[in-house]
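Assembly of the complex is requested from the two constituent chains, each provided in isolation within its own frame, with the hints serving as guidance.
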Amino acid sequence: MTESSFQERKTGIYIHIPFCVQKCNYCAFLSFPASEETRTKYIESLIQEISLYNIKPEKTEHYKAEKNKAEQIKTEVDSIYFGGGTPALLEPEQIEKIVYKIKKVFAVTGDVEITLEANPGALGGDEEEIFNKLSEFGKAGVNRLSFGVQSMNDDKLHLLGRVHSASDVVRDFEIARDIGFDNISLDIILSVPTETRDNSTEADNLKSSIDDVKKIIELKPEHISCYSLQLEEGTVFYDMAEGGLLKEIPDAEDRNIYHAVCDLLKNSDYEQYEISNFALKADGETENKYNYRSRHNSKYWDMSEYIGFGLGASGFLKGKRYRNTTSLEEYCRLVREGKKPIEDVYINNEHDFISEAVFTGLRRIEGISYREAVRFLKNENFGNDESVFWGYYSNVRKEAEEFEKNGYLEIDRKGIRLTETGIDISNRIMALFV
Amino acid sequence: MNYLDKIRNFSIIAHIDHGKSTLADRLIEKTGLVEERDMKEQYLDNMDIERERGITIKLQTTRLAYKAKNGEEYILNLVDTPGHVDFNYEVSRSLAACDGAVLVVDATQGVEAQTLGNVYLALDEDLEILPVLNKMDLDSARPEDARAEIEEVIGLDASEAPEISAKTGMGIEDMLEKLIEVIPPPQGDPDGRLKALIFDSYYDTYKGVVIYTRIFDGKIERGDTIKMMNTGKTYEVTEVGYCIPGMLPADELKAGEVGYVCGSIKQVADARVGDTITLADKPADKPLKGYKKAQSMVYCGIFPAEGEKYENVKDALEKLQVNDAAFNFEPENSAALGFGFRCGFLGLLHMDVIIERLAREFDLDVITTLPSVVYKVVMKDGRILDIQNPSNLPPPTEIAHIEEPIVKADIMTPNEYVGSIMSLCQNRRGNLIHMEYMTKTRVQLHYEIPLNEVIYDFFDALKSRTRGYASLDYEFLRYEPSKLVKLDILLNRELIDALSVIVPEQQAASKGRGICEKLKDIIPRHQFEVPIQAAIGQKIIARETVRAYRKDVLAKCYGGDISRKKKLLEKQKAGKKRMRQFGSVTVPQEAFTEVLKLDDGK
Chain A
1 MTESSFQERK
11 TGIYIHIPFC
21 VQKCNYCAFL
31 SFPASEETRT
41 KYIESLIQEI
51 SLYNIKPEKT
61 EHYKAEKNKA
71 EQIKTEVDSI
81 YFGGGTPALL
91 EPEQIEKIVY
101 KIKKVFAVTG
111 DVEITLEANP
121 GALGGDEEEI
131 FNKLSEFGKA
141 GVNRLSFGVQ
151 SMNDDKLHLL
161 GRVHSASDVV
171 RDFEIARDIG
181 FDNISLDIIL
191 SVPTETRDNS
201 TEADNLKSSI
211 DDVKKIIELK
221 PEHISCYSLQ
231 LEEGTVFYDM
241 AEGGLLKEIP
251 DAEDRNIYHA
261 VCDLLKNSDY
271 EQYEISNFAL
281 KADGETENKY
291 NYRSRHNSKY
301 WDMSEYIGFG
311 LGASGFLKGK
321 RYRNTTSLEE
331 YCRLVREGKK
341 PIEDVYINNE
351 HDFISEAVFT
361 GLRRIEGISY
371 REAVRFLKNE
381 NFGNDESVFW
391 GYYSNVRKEA
401 EEFEKNGYLE
411 IDRKGIRLTE
421 TGIDISNRIM
431 ALFV
Chain B
435 MNYLDKIRNF
445 SIIAHIDHGK
455 STLADRLIEK
465 TGLVEERDMK
475 EQYLDNMDIE
485 RERGITIKLQ
495 TTRLAYKAKN
505 GEEYILNLVD
515 TPGHVDFNYE
525 VSRSLAACDG
535 AVLVVDATQG
545 VEAQTLGNVY
555 LALDEDLEIL
565 PVLNKMDLDS
575 ARPEDARAEI
585 EEVIGLDASE
595 APEISAKTGM
605 GIEDMLEKLI
615 EVIPPPQGDP
625 DGRLKALIFD
635 SYYDTYKGVV
645 IYTRIFDGKI
655 ERGDTIKMMN
665 TGKTYEVTEV
675 GYCIPGMLPA
685 DELKAGEVGY
695 VCGSIKQVAD
705 ARVGDTITLA
715 DKPADKPLKG
725 YKKAQSMVYC
735 GIFPAEGEKY
745 ENVKDALEKL
755 QVNDAAFNFE
765 PENSAALGFG
775 FRCGFLGLLH
785 MDVIIERLAR
795 EFDLDVITTL
805 PSVVYKVVMK
815 DGRILDIQNP
825 SNLPPPTEIA
835 HIEEPIVKAD
845 IMTPNEYVGS
855 IMSLCQNRRG
865 NLIHMEYMTK
875 TRVQLHYEIP
885 LNEVIYDFFD
895 ALKSRTRGYA
905 SLDYEFLRYE
915 PSKLVKLDIL
925 LNRELIDALS
935 VIVPEQQAAS
945 KGRGICEKLK
955 DIIPRHQFEV
965 PIQAAIGQKI
975 IARETVRAYR
985 KDVLAKCYGG
995 DISRKKKLLE
1005 KQKAGKKRMR
1015 QFGSVTVPQE
1025 AFTEVLKLDD
1035 GK
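Protein sequences, first through last, are from chains A and B.
Each residue of the first sequence is one higher than the one before, starting from 1 at the first, in the numbering used here.
Each residue of the second sequence is one higher than the one before, starting from 435 at the first, in the numbering used here.
Chain B with its partners taken away, still in its complex shape (with noise of 0.2 Å):
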C-alpha cells in the first residue's frame, strides 16, 4: 500500500452555527493528539473575536490520527476554512489544498443559503463532498428533510449521509469511516519537483512566518532553499512539521502531506495565500493556479481617539500588518482628526475586524472614518489619480472624468425575496445581468453594481430584508465612468473633512438629507444650537438642527441608592470620552462610521 492511500485531506463545510467548530473540536478530541485537559472550547476559533461572532477568520489546521475498522491506520488533516464573504479567496486556496470537504447540515433547520456558496467553491476545486447531519440530538432534527434538500438543492446523494451530533458526539466513527470510503486519497509525486500551496501563514515572533502548505509534488525539507513562484523571492527552510495543532517538527514534508514550513521571513505578505512553493535549483515548471494578489478593496481612516498616542496606533498597525498579508495602511492628515492612517482592507468584515483587534488585543481608542473605495480620477490634463480619500479629490473644474470600481455581485436567495432585492439593487444602483432559478425555491441574482454601493450598509440591508437567507458573493469587475460629486459636511458652519463622502450626483440631496438627519440623532445637544449643513462646493443642499439641550435631570434618588445614581453618571461622562471635539461642537465618535448607514429599505 502506497503511503498516500493513507493520507486523507479535507475541509469541514457549513453555515454559521451548524456546528462545524464543534465538530472540529470533536475530532481533534477523538483522533488527534490534543491532551483533554488542553481543550478549549472550539479549538480552533483561536482569537476572542472568532468566538464572540462565532465565524473563523484566520485559518487552523490540524493532523489527526485516526485507526479505521480495517486495522489500517489514517493520518487525517483537517483544514479549516475561514467563513466571510470577504474571504472567499482564502476560503478557495484552503479547499485547494484538500480533497475533499465535509459539508455539516443541521438536520434542524436544513440547507441554508451560505451553505450554497461554499459548496460551490469546493465544487470548483474538484472535491469529493461527504454530507452529513449534524445536531441529530436534538428533538427537533428532521433528517429526511435534511437530506430531500440536499440532494434537491446542491444536488448531492445524500441517502448515505451519516447522522452524527457534534455535540455529544454520536455517529463521529461511522462519520470518519465514510470519509476514509468517500474523500480519495491525495495523488501526487514525491520524486517529482516540488509543487507545494500556501494556504495560510501567520507571523510569529520566534520562527517568523509560519507556512500552512499542501504539497502536491515533491517534497521539502530543512536546508532547502525554497522560492515563492509568484513573488519570486527566495528563503532557506529553518522547519518543516505537521500541525497537531501545535508545531510538530519532522524531517520532511512529501507530496500529498499537509504541514507547516519556517524560513526567516519577515512578513505574511512575502508568503501570501495561493502562490507556490517550490526548489530555487531545481524549480517547477509552473505554479498552481489560482493565485490572486491581495487586492485593497476598501479603504477608512483610522486615527487615535482624544488621548490616544499616534505612536501606539502606528506600532499597532505594524504588528497587525506583518500577520496580515491583505491589510495595508499609510499616513494620513485630517484637518479634523489631525494625524492618522489611511488603511486598506479586502472588505468591510476585514475592516471591522482589524478595528476590533485595535481595541481588544492593543486596548487602543481609535476613530475611524466612512469607509471608501478607490476612484479613478481622470483630470483635464490627462493625468489619472487613484482617490481613495474624498478630501483629497481635486477641484471639479481640473476634473475630466471619473471612474469608479463595479463589482460582479452574485446573490443567493429564497425565490420569495426576490422583489425585496431587486429593488434593494436598484436603489444601490445596480445592473441586473441574469437571474437563474438554482432549484425550484432558489434563485441567483446576478449583479454588477459599484462597490461604493456595497460597501456601507448593503450587507446589512440584505440580511434584513431576506431574514439573513440571502448570501452575497462579489469580485472585482472593472472600472467605469460615473457622475460623482463631492459631498461636505459642515457642524456649526465649520466643515469636517473627515465626513465627506464621494456620491453619484443624482443621488447627492437625498445622501445629504439622510446624512444631517443622521447626524441629528446622532450629534447630543449642546448648551446652544448647533446647525448641521450637506453642500457640495459652496451649494447647501440640506440642513438640519440639533437643538441646544433642555433636560437632563434625574429626579429621583432612589431610597438612598447613591450607587445606582452614580452609575449613571459615570456612564454619562464615560460617553463624552467617546466624543471628539470639533470646534466648540461634541461628535461621538461613531458618527464617522454610522453616518452612511441609511438603509433605503425602511
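Looking at chain A on its own, in the form it has when it is part of the complex (with noise of 0.2 Å):
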C-alpha cells in the first residue's frame, strides 16, 4: 500500500446494542436483557447520539456555499456495522431509522458495507416470521449477516448457553440465502468443552470442533471466524470453571484444535487473513470487484477510524481513543442534553500510534509493514523504512530476533509477521512493541 492509499481510508461506524435475549454462559460483553420499552428508549437515545456528529452549515445569507462546503467536509463512511448483544431483536424500522441518520450526518459510500449480527434464534420461531424479518433488514440497506452460530452441536449450544439449535443456523441460513444475502459471515467458537465433567479424550474435543467447522463448511458461507473459548472474568463459565463444573480444555490441545482448523479451512476455499477470520477465496472473475473479507473488522488491524455509537462502543477518531458511558442511565441523559456520551478519551501519543499499528497489524496474516508503522513517527529519521523501524525499536530488536530463530516471527525487509506458532504466542511478541 502506498502512504496516500493509508490516508484515503475511510472511517467506520460502529452500533452497539446492549440487549439479548439472555445472556450467554461465556459472554462478557455489555449486554443484558431489557424491555421494548427500553429498547425503543434506546433507538432514541442512539439517533441522537449520531445527530451530535452533525456539521450545521452557518445560516449565513452565504446559505447554500456553507451547506455545500458541510457537505464537503462530512466524515467518509464505507462500513456500518451493528454488533451486540442481539442487534437482531431491533424492529427493522429501527435499524432503517439508524442507518437514514447516519446517511444525513456522514458522507456514506455507495458501496458501503453494512453488516448486522443476527443470532440464530433471535430472529423469530417460524420460517415466515424469519423471512419477513430478514427481507425487512435488507430493505433497511443491511447488506452483510454475521451469525453468531458459535457450535453445530447442540449439547454444546446449551452449554453455551445459547437459546438455538443446530438447525435453526441451517434454517435462518437458508432462509437468508433464499432471500439474497451474498455476504455472510459465521462466527464458531473452538475448545468448548462437549462435557462438564473431563470425561472426553483429546482425540473428542478435536474431532467437536473439527465437526463443527465441517457443518459450517458446508452452508459455503463468504466469511468465518473462529474464536478459541476464553474464560472471561465474571461470566457464568468462569465461575464454572472456578468451582470446577467446568473443565477447560488445555492449552496444548487447544493450539492442536487451532490449527486443525485452519488448515481444514485453507484446504476449503477458506483464505485466513487474520489470527481469527477467513474469507472465502473470490472466484476469478470477481476477484477485483469483491472482497469477502471483512471490512468493517479490518479497520480495526490497520489504525483506519471508527466511530463507535451506543452504550460502552468504542472509536478511534483524529487520534483519540474513546470509550462510551457503560451506564444507560447516563447515556440517554447526556444525549438528552446534547453532550457526547463519551466516558473515557485518550488522546494517542506518537509511541501510542505505532505501538498500536504493529500490535494490531500482526493480528493480520500479513503482518505489519514497516511503512504503516513508521508513518507515525513525526521527526524525519534519516534512512529507509527499515531501518527507522528498527532504529525505534532498537531496544526489543535482539528479543524480536530470539522469536525469529525459534520460529515465532519472520522478520524481512518489509516488514514483520508472526507465523503460524507465532500466532499460538502472539501476546508475548506483541507486547515487545508496546
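Be a bit skeptical, because a hint or two may be false.
Looking from chain B toward chain A, a few residues come up when the C-beta cut is under 7 Å (computed) [claimed, not checked]:
id, residue
1, 961
2, 984
3, 986
4, 987
5, 995
6, 996
7, 1003
8, 1004
9, 1007
Simulated from the structure, these hints should not be mistaken for laboratory data.
Yeah, the Cβ is synthetic: ideal placement off N, Cα and C, and Gly gets one too.
Quick look at the structure:
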C-alpha cells in the first residue's frame, strides 16, 4: 500500500445494541435482556447521539455555499456494523432509522458494507416470520449478515447458554440465502468442552471442533470467524471453571484444534487473513471488484478510524481513542443534554500510534510493513523504513530476533509477521512493541 | 500544688483497628495545639506505609493541655507506641516513659489476643491502666460483654470504664476526667542528678537527631553537656522543647516532663532508644534499667533490580540507616545478582517496611533475597565464623558443626486453636516448654524454636490457622548445635547462589521438593523447557520442569476496544521488567522472597 492510500482509508461506524434474549454463559460483552420500552428509548438516544456529529452549515446569506462546504467536510463512511448483544432483536424500522440518520450526518459511500449480527433463533420462531424480518433488514440497507453460530452441536450450544439449536442455524442461513444475502459470515467458538466433566479425550475434543467447522463449511458462507473459548471474569463459565464444574480444554490441545481448523479451512477455499478470520476466496471473475474480508473488522487492524455509537462503544477518531459510558441511564441523560456520552478519552501520542499499528497489524496474516508503522513518527528520520523502524525499536530487536530464531516471527526487508506457531504466543511478541 | 501533680504521662494501647489512632486524633483535636485545619486523618501515623497497613511503626509523641472540671489545667503527654512484635523493645521503652496507659477495647469485638501482649508489657512497667470501651456509636457495641471480658481475661476492674466513640467524640471529656483520676502524676526530683529515658529519636536534616525523652530526675537545658550512659557518647544540647506534636522550643525540661532534645547528633544509633541521658559533669550513679542494644535478628540481600543503579540503592540505605538504629547493611556480591548489600533487621516486618520504603520513598526497584539468620559455624581448626549468607558457608569438610539461634516464643491463643498451633510448631522444630491457661478460654504456649523456622512465614501461618486470634512474641535465647546443610537451586543446570538456603538436614528433601514446586509456579514458561533442581553438594534431591509455553493469545478484540488489549499487553510488558535474567532463564523478582513460603498446613 502506498502512503496516500493509508490516508484514503475511510471511517467505519460501530453501533452497539446491548440487548439480548438471555446472557450467554461465556459472554463478557456489555449486554443484558431489556424490555421493549427500554429498547425503544435506547434507539431514540442512539439516533440523538449520531446527530451530535452533524455539521451544521451557518445560516448566513451564503447559506447555500456553507451548506456545500459542510457537505464536503463530512466524514466518509464505508462500513456500518451493528453489534451486540443481539441487534437482530431490533425492529427493521429501527435499523432503517439509524441507517437513514447515519447517511444524513456522514458521507456514506455507495458501496457501504452494512453488517448486522443476526443470532440464529433471535429472528423469530417460524420460517415466514424469519423470512419477513430478514427481508426487511435487507430493505433497511443491511447487506452483510454475521451469524453467531458458535457450535453445530446442540449439547455444546446448551452448555454455552445459547438459545438456538444447530437446525435453527441451517434454517436461518438458508432463508437468508433465499432472500439474496450474498455476504454472510458465521462465527464459531473453538475448544468448547463437550462435557462439563472431564470424560472427553483429546481426540474427542479435536473431533468435536472439527465437526462444527465442517458443518458450517457445508453451508459455504463467505466469511468464517473462529475464536477459541476464553474464560472471562464475570461470566457464568468463569465461575463454573472456578468451581470445578467446567473442565477447560488445556492450552496445548486448544492449539492443536486451532491449527487443525486453520488447515481445514485453508483446504476448503478459505483464505486466512487474520488470526481468527477467514474469507472465501473470490472467484476469478469477481476477484477485483469484491472481497469477502470483513471491511469493518479490518479497520481495527490497520489503524483506520471508526466511530462507536451506543452504550460502552469504543471509537478511534482524529488520533483519540475513546469509550462511551457503560451506564444506560447516564448514556441517555448525556445524549438528551446534547453531550457526547463519552466516558474516557485518550489522546494517542507517537508511541501509542506506532505500537498500536504494530500489535494490531500483527493480527493480520500479512503482518505489518515497516512503512505502515513508521508513518506515525513525526520527526524526520533518516534512512529507509526498515532502519527507521528498527531504530525506533532497537531496545527490543534482540528479543524479536530471538523469536525469529525460534520460528515464531518472520522478519524481512518489508516488515514483520507472525508464523503459525507465533500466533499461539502472539501476546508475548506483541508485548515487545507496546 | 506541686507542678508534677498537673502532669499525666500516658500511652494508648489497643489491638490493630480498635481505634487507637482515631482516639489520638480526637484528643489532639480536643485538647492539643494543632489547628483543626492542619488535622490530617490520623495525625500520628505519618508514614504512608503506616497509614495503609493501619499500624504505627515510628513513634510520635504529643503534649496536650486539658482544663479539667475542677478548674485546674493539666498537661497530658501522649506517648504513642508502635504496634508489632518486631518492635516490642521500642514499645516497652515508650511505656517505660509513662505512668499509665489507656487500654482501648473495641466494644463490638471485645478483648483480642494482641491487646494482651501490650497489656502485659504495660504491667511489666508498673503502669496504671485505664480501660475504655470504644466504638460505642455502633449498634453492634456490646459494652457489658466487653467489660466482662476485660475483667476475666486481663483481670482489670472495668466496671467504671468510660464508654466512648473516638469517631464521633462521644464520651471523650469523661474519659479525660477519669484519666486524670486514675493515672498517677509522675514522680521525680527536679534538683536531682539528670536521668532521662530516650524512648524515640529521628533524624532531622537541620537539627540532627531529635531525641524524644522522659525526664525522671533533674533537668536539662540548652548548653548542657549530656552523656549517653550506655554508649558513653557526649553532646552539647542545642535545643530542648515540647512536642505539640511539632517542635516548640522551651527553656528547660525537668523531672516528670516529656519533650525533645537536640544536640547535633549525627545518627540515631548514637541516641539509642532505652539509653539514659545524664549530665557529663554531674552524672547519675546508674542508668535506668531496661536498655538493650539493637540486634539484627534477620538478614537478607538487597540488590538493584534490572536497570537500577547500585549508587542509588546505597544512598537510600544510608539515608534510612541514619534514621533507624536497628537497621544495618554492608556491601555484598552475588554471582547471580551482582553487587548489592547484606542488610540486618529486627525481624520480618521491619524488613518489609524497609524494603517498601525503598520502593516508595526512593522510587527504587530492588530484588530482595530470602531472609536468613546468623549461624555460628565452628570450623575444624577451631575458628568460629558468623555466617548469615548461605553462599558463604564453607565446604562441609571443613566444618566441625553449625550452631543456630534459638528463640523463646510465647504464643497466646484462644484454646480452640491449641492443637493446630502445636502441630505447626512441631513441624517447625519447636520444643514445647510449658503451656498455661490464662483464663478458661485463653492459653499461652511457651516454645523454644529455631529462629530460622520463625522468619519465613511462621507469623502468616500462625495467623491463618487461628483466624488472626493468636499473638506471637519472641526473643533470642541461645545458640544451639544443629545438623544443617546448604541447599542449592539450579535453574537450567546453572546454580543460582541467591536462592541457596541453609536447612536442617532431615528436612532437606522435603524443602527441596517444596522449593522446586514453588519455583515451577513462579517461573513463567519459556520458549524452551527449564529444569529446576535442588541439590545438596553434587547430589540432586528434587527436580521439576517448567514446560515450554504453548499458548499466549488473546483471540477476541472486543468491538474495536484496542485500549483494553493494549493495557493487557502493557501489563505483560511491565511484568517482564520485574524479571531477572539468568543466562537464558527469566525469573520474576518475587521468586527470591516467595520461594520458601511453604506453609506446611495446607
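Legend entry - Interface hint for residue 986(B), Cβ within 7 Å of any Cβ on chain A: At 4 Å from the nearest chain A Cβ, residue 986(B) passes the 7 Å test, so the hint holds.
Inset, instruction - Grab the minimum C-beta distance from residue 984(B) to chain A and call the hint holds if it beats 7 Å, violated otherwise. - result: 5 Å, holds
Inset, instruction - Verify the interface restraint on residue 987(B): the C-beta must sit less than 7 Å from at least one C-beta of chain A. - result: 5 Å, holds
Inset, instruction - Classify the hint on residue 1004(B) as holds or violated, based on whether any CB of chain A lies nearer than 7 Å to its CB. - result: 5 Å, holds
Legend entry - chain A contact restraint for residue 1007(B) - C-beta distance below 7 Å: Result: holds, 5 Å to nearest chain A Cβ.
Legend entry - Interface hint status, residue 1003(B) versus chain A (Cβ within 7 Å): Holds - the Cβ of residue 1003(B) comes within 7 Å of chain A, reaching about 4 Å at its closest.
Inset, instruction - So, residue 996(B) near chain A? Judge it on the closest CB pair being under 7 Å. - result: 6 Å, holds
Inset, instruction - So, residue 995(B) near chain A? Judge it on the closest CB pair being under 7 Å. - result: Constraint on residue 995(B) satisfied, holds at 4 Å.
Inset, instruction - Return the status of the interface hint for residue 961(B): holds when the least beta-carbon distance to chain A is below 7 Å, violated otherwise. - result: 5 Å, holds
In this structure, none of the earlier numbered hints is contradicted; all agree with it.
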